[in-house]
Structure formats: C-alpha cells, structure tokens
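Asker: Sequence order for the protein chains is X and Y. Residues 3 to 325, numbered by this note's numbering, are exactly what the first sequence covers, in order. Residues 3 to 325, numbered by this note's numbering, are exactly what the second sequence covers, in order.
FYI, nobody ran anything at the bench for these hints, they're computed from the structure. Some hints could be false.
One copy or two, it doesn't matter: identical chains are merged, so the pair holds either way.
In silico DSS-like pairs for lysine-lysine, Cα to Cα no more than 27 Å straight-line [as the list claims (entries may be wrong)]:
1) K258 x K73
2) K45 x K226
3) K21 x K45
4) K120 x K297
5) K45 x K120
6) K303 x K73
7) K120 x K269
8) K206 x K269
9) K269 x K115
10) K258 x K269
There are 2 protein chains.
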Amino acid sequence: MTTGSHFKPDADTIIQAAKRINPYINRTPVLTSHAIDRLFDAKIFMKCENFQKVGAFKARGATNAVLSLEKNLLTHGVATHSSGNHAQALAWAASLVNAKAYIVMPSNSSKIKIAAVKDYGGLITFCEPNLASRETTLARIVQQTGATEIHPYNHENIIAGQATAALELLEDCNDLDFVMVPVGGGGLLSGTCLAVHYFHPVTKVIAAEPEQANDAFLSFVNQKFIPSMNPNTMADGLRTSLGSLTFPIILKHVHKILTVREESIVKAMRFLWERMKIIVEPSSAVPFAAIMEGKIEITGKKIGIIISGGNVDLDALPWMKNA
Amino acid sequence: MTTGSHFKPDADTIIQAAKRINPYINRTPVLTSHAIDRLFDAKIFMKCENFQKVGAFKARGATNAVLSLEKNLLTHGVATHSSGNHAQALAWAASLVNAKAYIVMPSNSSKIKIAAVKDYGGLITFCEPNLASRETTLARIVQQTGATEIHPYNHENIIAGQATAALELLEDCNDLDFVMVPVGGGGLLSGTCLAVHYFHPVTKVIAAEPEQANDAFLSFVNQKFIPSMNPNTMADGLRTSLGSLTFPIILKHVHKILTVREESIVKAMRFLWERMKIIVEPSSAVPFAAIMEGKIEITGKKIGIIISGGNVDLDALPWMKNA
Chain X
3 MTTGSHFKPD ADTIIQAAKR INPYINRTPV LTSHAIDRLF DAKIFMKCEN
53 FQKVGAFKAR GATNAVLSLE KNLLTHGVAT HSSGNHAQAL AWAASLVNAK
103 AYIVMPSNSS KIKIAAVKDY GGLITFCEPN LASRETTLAR IVQQTGATEI
153 HPYNHENIIA GQATAALELL EDCNDLDFVM VPVGGGGLLS GTCLAVHYFH
203 PVTKVIAAEP EQANDAFLSF VNQKFIPSMN PNTMADGLRT SLGSLTFPII
253 LKHVHKILTV REESIVKAMR FLWERMKIIV EPSSAVPFAA IMEGKIEITG
303 KKIGIIISGG NVDLDALPWM KNA
Chain Y
3 MTTGSHFKPD ADTIIQAAKR INPYINRTPV LTSHAIDRLF DAKIFMKCEN
53 FQKVGAFKAR GATNAVLSLE KNLLTHGVAT HSSGNHAQAL AWAASLVNAK
103 AYIVMPSNSS KIKIAAVKDY GGLITFCEPN LASRETTLAR IVQQTGATEI
153 HPYNHENIIA GQATAALELL EDCNDLDFVM VPVGGGGLLS GTCLAVHYFH
203 PVTKVIAAEP EQANDAFLSF VNQKFIPSMN PNTMADGLRT SLGSLTFPII
253 LKHVHKILTV REESIVKAMR FLWERMKIIV EPSSAVPFAA IMEGKIEITG
303 KKIGIIISGG NVDLDALPWM KNA
C-alpha cells in the first residue's frame, strides 16, 4: 500500500461522483424522532438509504462505477459476484446506460434476490456457494465477455460513490458529533470517513459490527488486516472482509468500532420498525443496536446514522417463529 | 342536518387548526417511487402520516380538539372510547397540555395498544367489548369527572384537524388529479374533502373502503346513512360507521368510493412495505389496493394518497402463517 492511499479518492473525486450520480439516485430523507431523542437524551438523524434506488446505498457506488467507465469498456458490460445488494445495484446501474451486467450468484441465493437481479435486467450465472467457485466463475465470464469487473467495495469509484451518502447527510445536518455506519467490506465506512475528513473533519466516525462477524473490529484494534472467518450473523451485508483499499482509510480515520450481539440487532431492528415506521434490514440496525447496548456515550450529542438498506424477506423476519 | 353543515368547518377554521397544531405535530414527508410510477404509468404522491406523532393522522384532530378547549374545561380532562389510534392520539394530545385523558377501552384490546395509551399517560377504564358497554362506561366517566368527550371523528375540531393532512399535501404537490384516502368514520375523508374544496377544488377526492366494511360505499350510492353491520375486515381503522357531521360532507364532495377485497389489502400492504420500505397498517393500504385492483383509471394522472397510519403488530402480520 502506498502512503497516498489513505487519501484516495480525494475531495474533488467525491464531489464529481455526487454530480455524476445525482440525476439517477434518490436524495434520501433524513428522519428524526422526538420520542427517540427524548429516550436517549440526544439528537439522532437517520439518513434513510433504505429509500435509495434498489433499497440500499449500494446504488450510489454502482452508479458511479458504471458511469465512470469509458464507452468502449461499457459496450462489453460489467460483472461481479454477489448474492446481495451489490448484485441488484450493479444490474440496475448498468440498465441506466443499456450496458450488460453479468452477475455471478451462488446457487443458494434467495429467490427474492435472484428475481430482483433479473428484474433489473442482470444476466445471472449460478455457481457453487463458496468464494472459490464465485471467483473462478467470475474470472471465466470476464474472460469470455470482456466485461469489466466491478468489485462491491474494494474499488475507488465505489468508495467515492458510497461517500456521497455522508456528503448529503453533512449538508443536511450541521455539526454532527458522530456519524455511525455499519461495516462489512468497508465501502460505506471508508467513503463516509473520507467525506467527513474532507467536509466536516471535527465529526467523529464510529463504525458498528456484529460480534459474530468482528473482523473489522479485530483488524482495527490490532492494526493489521484480519479476514472474516466463519461469520455467523443475521446481518448478511456485514459478513465480508475489509479490502486493501478500504482498510487503510478505516485505520486512519475511524474513531471507534463497536460490536453488538445478535439479539441486540433484532431488538434494534424491531425498535426502528415500530418507532420510525421504516423498514430497515438487519445490517442497518447494527449502529442503533450499539446505541441501545450503551456501547457509546451519546448524552447531549448530535449523531447521524446511515441506515444502509431495507431489503428484507418479509416471510422470514428475525422475530418470527421458525424464521 | 342543516343546509350549512356541508361547509363546516370553513376554510379559515382549517387554516387556524393548522396554525394551532403545527408546533406539536410532524410535517410528514411526501414520498414517491419512480418504480411504482413506471408500473402504473402515473405519478403517485404518498403523504406519510404513518410518520405522524403516535403513528397516525389521528394526532392532528386530537391535538386540534384538545388545544381548542377552554382552560376551565381542560382542567377536567378529555375522554373517549376507542381501541385504536384515536385512544393513543387523545392521550398524547392531552399530555401536551398536562390534561387528563380518560380512555375507555374494550377489555379485549391488544396489549400493545393498551401499553401505548398508558405510555402517553392515558387513564384507562376497561369495559365489555361492545358498543353499548363502551358508551355507558364513557357516559359514567364523563359524569364523574366532568371531562369533555372528544369523539374520534364526528366533531368539528377533529374534522378540521384531519383536514390539515390534505392541506399540506396540496401545498407540496401541485395539480393533483385525485386525492385518495381510506374511509372509516369519515373524519379523514370529510376533512380531506373540505381542504380540497377550499384550496384546490379541481382535484377529485376518491375514497376507498374494504368490501367487507362497505357501509360508506352503500351510504354514498344510496344517498342515505347506512350503518356498519358486522364489518369483517383486517383494516381495523375502517370498521366504524359514518357520522352525522361527516356523512353530509362526504355525500356532497366525494367523487367516488371504491371497495377492495381483503386479499388485495394484504397484497397492497406488502407491496408498499417491499417497494417503499415504509410500514403501513392495513387501513392505509386500502386506497393503493383499489389502484392495484384497477378500480380506477389513473394512466397519466397525478394522485395523492394519504397513508393514514403505521401502527401494526409485528407479531401478527397478515401474511404470517397463523397470524
């Protein structure tokens, strides 16, 4: 890793990303609740990326990456392997410019997610449900088609795109003490770090992660990359390991990484559904779970939370029996 | 009924109601979805009263009614019988001015709703689960305490308060062709009618109702009051009969009342959860169910829908087995 990597993408790259994607994505609302503020004696601002295109912040990075590609590359399409929101986001972003999106999905992906990728026009190739099969299948497709691989997080244009969520949050909310985001591969977290660093550096960035997928926490406190090993969390967006681009940014700019128990994720998710009347997916509830666990002192503070997405299977909610 | 009753409350009463309640209630957002608009080839604007205080538009009317009371009356408190959102709304509104709220609730009310009323400081008296017991219990409490009864919908200040939701919607969305609202007792519908009549009369007001609680539809087409008989719908906010104040307004100003099947309500509710990522209660999904059933031609039109509330029991969703 080069010394300069901590500051890539730079401020102008993020501003250009925002200009590039703004015609296509939603300016998502920032919601507040007096009842919640009173309960925690704080001011909490929720940036609702569950209302984003494809139901998650991933639309930002994918759109930025696709629209940044040169035309001669775009004609061959884009490709990725993903069973989650990035698959949908890339298929959707490619459809904006009539480009092909080759999506490698594990054969055990949920029917809902497969249907969503197809709806957005994604061309799906199924593979065995393991990383080796995902990578070899993707490599084969890239070779056959000449498509450009768009990694879900370890990609400068993805990071710059995800940074625009925090950019908007900072525009809408003055003087936040903290911005809290969940961390999986670190695309949203590193983008948030950079947006805060360039545009409101007194704000502290706090990440939150499931205890049962605490690789980012371990990497952060040990100051060396530790991969995700057998993550066992319902927060399916947070099972991945950090990347070579995202980790150095996180190491340099994150104030703290908090971990939460699985039962706290369910509790926080349900609390947000009941009190805010918004649908948030388990991964999105993780920062609020850290607040509910009392892992961070927030009395009198102003806290922005990026609610990362709202894609859940309504037939398998974590509080349902037999879910 | 007097001839003039069709125009009560008047325009200024609604504007005064808005001024009176604005410091206390939420200015709820109007959400849109390009995907939904494309699907129906129309422009749909959802006024999200599920994000309102107490999770429903009822906070508007209750606040207006409580704040309109003279101080010497307020000292004796307010009272109502309700097992639903009005109970919570009145308890909450009374708490704003430290007034007592006596709430008569049927003994079989859901634990969640009882807890919510208690949370807002409501003083609950339980009664038998039938209208006669509700009314006699309420009459006794009013006599004992000197509290002022606040009817959930057949009350001028309630109607004026509910009218402010449509007033805001008209401010935010120009030139709506239709405004659609669900109809139960008609407080929201009659308020919406008056706001549209005074402030944007070319817009047509369309009501929607469950087939299995179609008393408003029958009253409307027969032009005479027909009470709700054994309503059997999951839309628990829409089981009540129209009132002597609300019915004449509805008769004069409503363009159409559409009815929908129970399975359409579930389908519409789930569709809004999945596509909009917002929690809406069954009653709130009824207008959108009418659109999904094709009960109204909306191609190329601009339609406002008032999403009336978001109070649901997350352990008993209509698509759950054994719910």
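Asker: Classify it for me, K258 with K269: is the Cα-Cα distance of at most 27 Å met within a copy, between copies, both or neither?
Answerer: For K258 and K269, only the intra-copy Cα distance (22 Å) is at most 27 Å; the inter-copy one is 43 Å.
Asker: Cα distance capped at 27 Å. Does K258 pair with K73 within a copy, between copies, both, or neither?
Answerer: neither (41 Å within a copy, 52 Å between copies)
Asker: Please sort K45 with K120 into within, between, both or neither, judging by C-alpha distance up to 27 Å.
Answerer: between (40 Å within a copy, 25 Å between copies)
Asker: Between copies, within a copy, both or neither: which fits K120 and K297 at Cα up to 27 Å?
Answerer: neither (41 Å within a copy, 29 Å between copies)
Asker: For the identical chains here, do K303 and K73 meet the 27 Å Cα criterion within one copy, between copies, both, or neither?
Answerer: neither (47 Å within a copy, 37 Å between copies)
Asker: Check K269 against K115 for me: Cα-Cα at most 27 Å, and say if that holds within a copy, between copies, both or neither.
Answerer: Answer is both: 25 Å inside a copy and 19 Å across each meet the 27 Å cutoff.
Asker: Check K21 against K45 for me: Cα-Cα at most 27 Å, and say if that holds within a copy, between copies, both or neither.
Answerer: between (29 Å within a copy, 25 Å between copies)
Asker: Measure nothing new, just compare the shortest in-copy and cross-copy C-alpha distances for K206 and K269 to 27 Å and report within, between, both or neither.
Answerer: within (25 Å within a copy, 43 Å between copies)
Asker: Is the C-alpha distance from K45 to K226 at most 27 Å within one copy, between copies, in both cases, or in neither?
Answerer: neither (34 Å within a copy, 51 Å between copies)
Asker: With 27 Å as the alpha-carbon cut-off, assign the pair K120 and K269 to within, between, both or neither.
Answerer: Answer is between; shortest inter-copy Cα gap is 21 Å, intra-copy 33 Å.
The structure fails hints 1, 2, 4, 6 (numbered hints given earlier, in ascending order).
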